[in-house]
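Trainee: Now for the letters of each chain:
Protein chains: 2
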Amino acid sequence: MTAISKDFCPSHIVLCGGIGGAKLALGLKSCLGSEQLMVVGNVGDDFEHWGFKISPDLDTLVYTLSGVSNQEFGWGRNGETWTVLEEVSRLGGDDWFRLGDRDLAVHIERSTRLDQGETLSKVTQDLCKAFGLDYCILPPTDDRVRTIVETNVGIMEFQEYFVRNQCDPVVTDLRYEGAEKSRLLPDISSALLNPDLQSVIISPSNPFLSIAPILAIPDFQKQLANCRAPRVAVSPMVGARAFKGPTAKIMGELGYEISSFTVASYYSSNLIDGIIIDTDDADLVPRIEKLGIRTYVTDTLMNSFDEKKRLAAEAIQFAESLGE
Amino acid sequence: MTAISKDFCPSHIVLCGGIGGAKLALGLKSCLGSEQLMVVGNVGDDFEHWGFKISPDLDTLVYTLSGVSNQEFGWGRNGETWTVLEEVSRLGGDDWFRLGDRDLAVHIERSTRLDQGETLSKVTQDLCKAFGLDYCILPPTDDRVRTIVETNVGIMEFQEYFVRNQCDPVVTDLRYEGAEKSRLLPDISSALLNPDLQSVIISPSNPFLSIAPILAIPDFQKQLANCRAPRVAVSPMVGARAFKGPTAKIMGELGYEISSFTVASYYSSNLIDGIIIDTDDADLVPRIEKLGIRTYVTDTLMNSFDEKKRLAAEAIQFAESLGE
Chain V
227 MTAISKDFCP SHIVLCGGIG GAKLALGLKS CLGSEQLMVV GNVGDDFEHW
277 GFKISPDLDT LVYTLSGVSN QEFGWGRNGE TWTVLEEVSR LGGDDWFRLG
327 DRDLAVHIER STRLDQGETL SKVTQDLCKA FGLDYCILPP TDDRVRTIVE
377 TNVGIMEFQE YFVRNQCDPV VTDLRYEGAE KSRLLPDISS ALLNPDLQSV
427 IISPSNPFLS IAPILAIPDF QKQLANCRAP RVAVSPMVGA RAFKGPTAKI
477 MGELGYEISS FTVASYYSSN LIDGIIIDTD DADLVPRIEK LGIRTYVTDT
527 LMNSFDEKKR LAAEAIQFAE SLGE
Chain U
227 MTAISKDFCP SHIVLCGGIG GAKLALGLKS CLGSEQLMVV GNVGDDFEHW
277 GFKISPDLDT LVYTLSGVSN QEFGWGRNGE TWTVLEEVSR LGGDDWFRLG
327 DRDLAVHIER STRLDQGETL SKVTQDLCKA FGLDYCILPP TDDRVRTIVE
377 TNVGIMEFQE YFVRNQCDPV VTDLRYEGAE KSRLLPDISS ALLNPDLQSV
427 IISPSNPFLS IAPILAIPDF QKQLANCRAP RVAVSPMVGA RAFKGPTAKI
477 MGELGYEISS FTVASYYSSN LIDGIIIDTD DADLVPRIEK LGIRTYVTDT
527 LMNSFDEKKR LAAEAIQFAE SLGE
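As given, the protein sequences belong to chains V and U, one line each in that order. For the first sequence, this note's numbering gives the first residue as 227, with consecutive numbering after it. For the second sequence, this note's numbering gives the first residue as 227, with consecutive numbering after it.
Bound-form chain V, shown alone (with noise of 0.2 Å):
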């Protein structure tokens, strides 16, 4: 159960990983007020650490929408200490996973809370308000999803690869440990069914690692498919490179062309009716287009609050042409 209000109808989803997902999402909540928003976050990368239960990316979510994340490393919270880290290390301790001390805060009370039977959509919806933030961030549903990454040197769950191994083994398959049994969000689903529904829109998260585990839940997967409200994605490509994270590094180990063109076909026009390729990729519309997914040529880079702004807005836009 979620206490998220009955009347709660939002009039667009967005699907988010962590950073690229978040800036987005940023983006979004200056476009939208907290009613017309729902943002579903990816749990795939959420693992136990110190005994804690730790979704990243719900939190990055979370800091960055009610802005006490950590502009400088993209990840975590501003005004934060080390202490306990540090002496954890010291004590010689696993410190390979860097928590800091207002982060760990909330890995506890999460954790307290999960352990006590409360479901980590109502906690992270606590956490939302604990934050001073009306927004609705989600996690697609309250069963355990894991990322499990299949490397060259062993299978390892998704922050082993990414933050132990720094994304250094050759990723060779991707499991989403427990998806196939999950059950979508009954609010989730509510709003998917919903005929006022104006868009959802896939943020520029990595395909394969922040996306994909939401839509590895099998009522997700279908619901999208059979949405009547315009499907948008936003590439996290420009030209080879992405935005960041291992997005183009993982795509060429599982022997895909490196481009925006196979962020389009991945998600195919099952998923998607159009998606927002980077100006610098232009030549790839034809190729797109013949998918069946329609196409928005802009600059995707997010780093200043206008430029996030634009780019939500525009989404928004393209999404609202395609429903025309």
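It is worth saying that the hints were derived from the structure and are not from the lab. Owing to the predicted nature of the structure, the values given are computational and were not obtained by experimental measurement. Each hint should be verified, as a subset may be incorrect.
Note that the list lumps identical chains together, so a pair holds whenever it fits in one copy or between two copies.
Straight-line distance between alpha carbons at most 20 Å, and here's what the computed EDC-like set of lysine to aspartate or glutamate pairs gives [unchecked claim]:
| hint | residue 1 | residue 2 |
| --- | --- | --- |
| 1 | Lys348 | Asp320 |
| 2 | Lys355 | Asp321 |
| 3 | Lys348 | Asp360 |
| 4 | Lys279 | Asp341 |
| 5 | Lys355 | Glu312 |
| 6 | Lys470 | Asp360 |
| 7 | Lys448 | Asp422 |
Using the hints, position chain U against chain V.
Mentor: Structure of chain U alone, referenced to chain V:
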């Protein structure tokens, strides 16, 4: 298994609760080398909080003997910060147990290692090393023992009684859950059986709450009863008051006379040969001696380091005199 050297044959064993016990242990440390002293700490106060496994008395011993304890509070660490607690509190979480940031790191490290299957004795010894302490501090057992306080308002774990309810409820009974089936640490058993052992000293901790959980371990009680070395207790009472904590209150609630006489008769001549009582209680000497327990009268307050050292030296000498 513990990491203690096989050749470790301490000449003195001290049983300790938290703060009062740690004071005497600090005095003993200044009188005895690390090869001479074994400190056995209470684990009946151990509990789980925020998902961590916390051993307050063992930590007080480690912090006090390594010189990092907080002199002002009497618990926790010096130079402590409270970032995590403040943030957990702000998020609406449990903040009744005051965990500092550096203290928290110790609980994270202990919990992680216990969850990985290491023993509490091994983890405690490694913590000693990490704090630059070459003295041996051990739990009496690696099994779970919990002091359960039965009160007029319900049954509760020790920390709930002690910290959350500030010793306010009326104690009707005490149990040491798990003690009966717990196994005495082999290293402590060897030390108790060592023919060169010169004393077992029971520190002036709460007999019911801090020492009883150790004595409740069947093999400990049996071996202490049969121990050849003199066994000396230091009373935590001065008149009808205890140095600190709820000792006097509980003594009264359980129907005992509130005095050092009760401490002596509680341990009984089966477990102690002598008791050190305060000069204020010199009138109790005949009654205590009638129990078959020898007495040593001195100033038992340990505010200054010199007082701790003097009382420790007197305890050693008193034990020595009983062995003659």
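Trainee: Next step is simple, just say for each hint if it's right about the structure.
Mentor: Hint-by-hint comparison with the structure:
1. Proximity of Lys348 to Asp320 under the C-alpha cut-off of 20 Å is restricted to the inter-copy arrangement: shortest distance 17 Å between copies versus 30 Å within a copy.
2. In this assembly of identical chains, Lys355 and Asp321 lie within 20 Å of each other by CA distance solely across copies; the values are 19 Å between and 30 Å within a copy.
3. Taking the closest pair of Cα atoms, Lys348 and Asp360 come within 20 Å of each other only inside a single copy of the chain (14 Å); across copies the shortest separation is 48 Å, beyond that limit.
4. Proximity of Lys279 to Asp341 under the C-alpha cut-off of 20 Å is found in both arrangements, the shortest distances being 9 Å within a copy and 15 Å between copies.
5. Taking identical chains as interchangeable, the C-alpha atoms of Lys355 and Glu312 lie at most 20 Å apart only when they sit on different chains, with a minimum of 17 Å there against 30 Å within one chain.
6. In this homomeric assembly, Lys470 and Asp360 never come within 20 Å of each other (Cα to Cα): the closest approach is 29 Å inside a single copy and 48 Å across copies.
7. In this assembly of identical chains, the alpha carbons of Lys448 and Asp422 lie at most 20 Å apart only when taken from the same copy (19 Å versus 77 Å across copies).
The structure fails to meet hint 6 from the earlier list, while all remaining hints are met.
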